[in-house]
Amino acid sequence: MNSSYSGVSFQDCSDVQLDPQSAGAGGPISGRDASARDREECAEADVHGISGAAGLHPCLWCLLTNKEISFPYDPTSPPPPRTDDNLKRDLKIFAEAGNSDEKKAKYYHNVIRPPILNVSIHQTAVPYLHIALGITKKHDQLLEDQCDEIDKQTAENIASSDKQV
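First residue of the sequence shown: 1, per UniProt numbering; consecutive thereafter.
None of the hints are false.
With a Cα cut of at most 27 Å, we get these calculated DSS-like pairs of lysine-lysine:
hint, residue 1, residue 2
1, K137, K152
2, K67, K103
3, K67, K88
4, K92, K106
5, K152, K163
6, K88, K103
7, K103, K92
8, K138, K67
9, K88, K104
10, K67, K137
11, K92, K67
12, K67, K104
13, K106, K88
14, K67, K106
15, K92, K104
16, K152, K138
Here are the simulated distance ranges between beta carbons:
hint, residue 1, residue 2, range
17, I150, I93, 46 to 54 Å
18, N157, P81, 46 to 54 Å
19, D140, E68, 14 to 22 Å
20, P114, P58, 15 to 23 Å
21, A97, G134, 28 to 36 Å
22, A125, Q164, 54 to 62 Å
23, H122, D101, 28 to 36 Å
24, H139, A95, 39 to 47 Å
25, K103, H139, 34 to 42 Å
26, L64, N157, 40 to 48 Å
Hints in this document: simulated from the structure, not taken from any laboratory. Even for Gly, the Cβ is constructed at its ideal location relative to N, Cα and C.
I would like the entire structure built from these sequences, with the hints used as guidance.
This is the structure in structure tokens:
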């Protein structure tokens, strides 16, 4: 099953396999067989080998820095995408040129270790916290815009009523 949102294709995750070499496990586990708790723990883990939200390049799907990430999103200027290929490339360069020093992770798009699961970025769900924060931020911005509009209208009404007195 394929679906698309904002040009990003999300595919059926039934073929997700645990990578025994990077995870140190005894063998593959299919996405269909994993329990809900296993999936939850994998989702919370650093599945794709990125250092995390505090890093300079925190997003799993793009290469923007944390300072460049802005709201609202400008669809006319899409950010450079993070791909499975550039994850592999950045990890290789990090291991060779960066000597796997996590303090240098920002120079390699925060890729610091091999992925735990052999799963494409496009098969990874957006973390719930990102969705909740995005909705909250949008709500707050709309509320603030409406309050500003009410303030302007109130000021105009007061100014026009002062002229009539």
